[in-house]
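Spelled out from the first residue to the last, the chains are:
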Amino acid sequence: MSRHKISLRVNGQRYELEVEANRTLLQTIREDLEMTGTKCACERGDCGLCTVMVDGVPTKSCLVLAVEADGKEITTIEGLMKGEELNPVQRAFIEHGAVQCGFCTPAFIVAATALLKRNPKPSEEEVKEAIGGILCRCTGYRQIIDAILDASKSGK
Amino acid sequence: MVKYSYVGKDVPRLDAIEKVTGTALYTGDLRFPGMLHTKLLKSPYAHAKIKKIDTSEAEKLPGVRAVLTGEEAPYRFGIYMSDKTILAIDKVRHVGEPVVAVAADTEEIAEQAVELIKVEYEELPAVFDVRKAMEEGSPLVHENLSEYKHAPFVYPKPGKNIANHFKLRKGDVERGFREADVVIENEFYQPQVQNVQMETHTSIGQWLQNGQINVWTSAQSPFAVRHLLGVGLGVPLHRINVVVPYIGGGFGGKAGLHWEPLVVLLSKKAGGRPVKLVMTREEQFYTTAVRQGFYGRIKTGVKRDGKITAMEILYLWDAGAYADYGVNITRAAGYSCTGPYEIPNIKCDSITVYTNHPYGTAYRGFGHPEFHFATERQMDLVAREIGMDPVEFRLKNAAVPGRITATGEKLREDAGRVDECIKAVAEAIGWGKKEPKQVGGKLRGRGIAALWKAPAMPSFTSSSAILKLNEDGSVTLSISSTEMGQGTPTALAQIVAEELQMPIEKIKVVTKRETDFGPYSWQTVASRGLFMEGNATLDAAKNLKEQVKATAAELLGVPKEKLVVAEEKVFVPGQPDKSLPLASLATAGIFPDGRGIGGPVLGYGMYTAEGLTNLDPETGQGLPALMWTFGAQGAEVEVDPETGDVRVLKMASAFDIGKTINPTIVKGQIYGGIVQGIGSAFMEEFIFDQKGKLLNSNLTDYKICRAQDIPDEFVFIPIENPQLNAPHGARGVGEHPRISIEPAIANAIYDAVGVDLFEIPMSREKVWLGLKRKGERK
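Just so you know, the sequences run in chain order B and E.
Take the first sequence: its position 122, counted from the start at 1, is 122 in the working numbering, and no numbers get skipped.
Take the second sequence: its position 667, counted from the start at 1, is 823 in the working numbering, and no numbers get skipped.
These are calculated hints, taken from the structure and not from any lab test.
Possibly wrong hints are sitting among the right ones.
[Said to hold, decoys possible] Calculated pairs, DSS-like style, for lysine-lysine (alpha carbon to alpha carbon, straight line, at most 25 Å):
#1 E/Lys-859 x E/Lys-208
#2 B/Lys-128 x E/Lys-806
#3 E/Lys-725 x E/Lys-664
#4 E/Lys-598 x E/Lys-806
#5 E/Lys-849 x E/Lys-316
#6 E/Lys-725 x E/Lys-668
#7 E/Lys-734 x B/Lys-128
#8 B/Lys-128 x E/Lys-849
#9 B/Lys-153 x B/Lys-117
So that you can see chain B by itself, here it is in the shape it has in the complex (with noise of 0.2 Å):
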């Protein structure tokens, strides 16, 4: 396997990296940077888990090669709070419940930032489609809604 090097910014952070060809940028993440946040659970783009930002649309990080992200702007979970100050959606999602597990909740925040980025005022088919692509099996869904729906109302 060939090693390739690769520079990545990574919230804000520029990191020079050696990385197998066939490593996916969620392995680079998780392993490599050591960001956690960013959960793992089917590495074939079913579950939604593993999203983070790429140059800020929402992204499925096990369907990436980290060789495909040389250059790239990558935001992660980690790289939401502004200082000590939660975003309106993470704020959001502990006012409405929509936190159980949280193995989910980083994807969901990371898509929903996103989202409200592109589009400030979705309506909740909007909120739908843009989430459509991550599971959760705890929260049944409805608060995660209402809390990006909420926080888009907060207008930050």
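Take the given structure of chain B and dock chain E to it, following the hints.
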């Protein structure tokens, strides 16, 4: 009316900030120096003799540190039925069963090593149908059933594929049928499904050379893991430390023991290096445990006035290859077999059947979602036959306080009220209202289903809690009930806050569970946590207050009985000079002359299930239930007659939870349970080929609900008739929202389009075929 300060309030979850920032650690996030990674060689056959295993090539691969076969791990593990070794020995019993395990420096090396292992099998005839498995001459899944250790309340039938036969006999069922005006019999079916916790089973094990075993694992019950591991391996318990970090969903599938012995044994063989196993999603579907399949046959006798006179019930459980948990699910479903009704004459046989399917375990509801599909469909079918309204029919037979359950228990006055739940749900879905059935070419209907469930557990299970007073007057609660999303620790903090009248911010609940330090708790299962841990926590808070008061009484020179603990102080009400901050007593009290008194304050509390008894082996009579949580579900659906597509417009749910401790957390349990039930109702199902290989072992082909699949509207009506021996009257409601979703929807589909469904899942195809057949009959 008690005035509450913290109980009943929407306190944010204690774990919320960690979880929304991605800093909450799960077992899979942990790494240790020298840690190895595991891959499994799994059986391609449903039933086969293992003739030869050759691991020599794998062992030569650089980076491979341990290769383990079943012969090297001749230990049987189990909580109720010790029928399983950790790797197959002599024969394999289901596709996906692990045969050889490899621990290597990386996952990739382990995977390569697995491919180098050669196993010779001799295929055996397999059995996949529970009824065929019970016939004479069926292939035997376990030849040595008589040799397995099992709990005393399990009744295996050696020489047959029966791991447990639970019998319930009440009254005289033949007389009951003679007294009936109408007798109706139906059959019902549910397939095997998977819990689909988002976190797959993950364990790290280490067996050090000094004999110490360390385990980090995604297990629901750290003390059960320690106990079963110790008994299975013959290692003293003080040499085993089990750590459980946050769990990414359990739903019963992580109860008891799973892959912990495997990683521990691999570690021993690898010289004590820590060994990690993360189940792949595919393995989660067919290597680790799943929910049992279900076949039910119910015969009901009823008078024209709506009184049920008799029920004859057969429940067959497709346990798959192993039945450690299956035997107890069979028992729990057996003693609850009628649903929440008083039936004078009952004969029930609930039987755990071995097949060559993946093996069964607990899944939220512990058999109750399966059999309630049968009983609650049957209630509607019987009501229709005698021309009675299904709500009225249920109310007429409802098991309200004072009535007698199937096991002969007279329901206590504070037992909770299923009738109130049924009425609340009926009102919420507009039962009996005349509304247009047809809306834009689609047909609407309503359905109701009631339910009950008690914690299924041995009669003497217990829990304990430790409450430590810190030097600044804050407190730290240690419990061993785990946090897998259900939120019990937050509710327990509220119970402490209430008892000590202390701000919730001053209370910490330890986040990690560790058997070396934590107090004993049987298991985090069965919707028992709030009730049992809650009572233990209350007891610990009271004990802490007693200790504080004893020291304060000496220091203040007042009788102990006059002292009150609140607002981080201990004081005599109305006497401002007779008051001490709790902080001043945490390590020891101090007299004015410098002498110390008392000592570090550590409140201890415990709770043991009260008054439960064994059940009679022939009749099932006795007292199995610590509490019954009653409930009802109401569904409003819209069916597209062209496609068979069913949309759930509304789900209304009512549960008698006694007292709400945290409304947002309760709501989370309700909505989440409903959506799991909807997944099962419409789409979840194990599909096998003829050789028993699972065809949909991934989330592409096995769908669970997405955000787009939820009901348009949820309505939850809490009913609060407190149970006097429960903490603040609160009953458990973790599993209940998952029960009776399928029958409520099935009953609504009949109401909409006149199609009766007896099999889960109720796919578009089945609904459409039902419509077609109905059209042909006309």
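These are the hints, each one checked on the structure:
A C-alpha spacing of about 38 Å is found between E/Lys-859 and E/Lys-208, which places the hinted pair above 25 Å, so the restraint is violated. With a C-alpha separation of about 18 Å, the suggested pair B/Lys-128 and E/Lys-806 falls inside the 25 Å cut-off, and the hint holds. Between E/Lys-725 and E/Lys-664, the direct Cα distance comes to roughly 18 Å. Compliance with the 25 Å bound is thereby established for this hinted pair. The hinted pair formed by E/Lys-598 and E/Lys-806 meets the criterion: a straight-line CA distance of about 15 Å does not exceed 25 Å.
Restraint check for E/Lys-849 and E/Lys-316: satisfied, since their Cα atoms lie roughly 23 Å apart, inside the 25 Å limit. Among the hinted pairs, E/Lys-725 with E/Lys-668 is inconsistent with the structure: their alpha-carbon atoms are about 29 Å apart, more than 25 Å. In summary, the hint linking E/Lys-734 to B/Lys-128 is not supported, as the alpha carbons are separated by about 59 Å, beyond the 25 Å threshold. Using a Cα cut-off of 25 Å, the hinted pair B/Lys-128 and E/Lys-849 is violated, with the two alpha carbons roughly 34 Å apart.
Taking the CA atoms of B/Lys-153 and B/Lys-117, the gap is near 13 Å; set against the 25 Å cutoff, the hint holds.
The structure fails hints 1, 6, 7, 8 (numbered hints given earlier, in ascending order).
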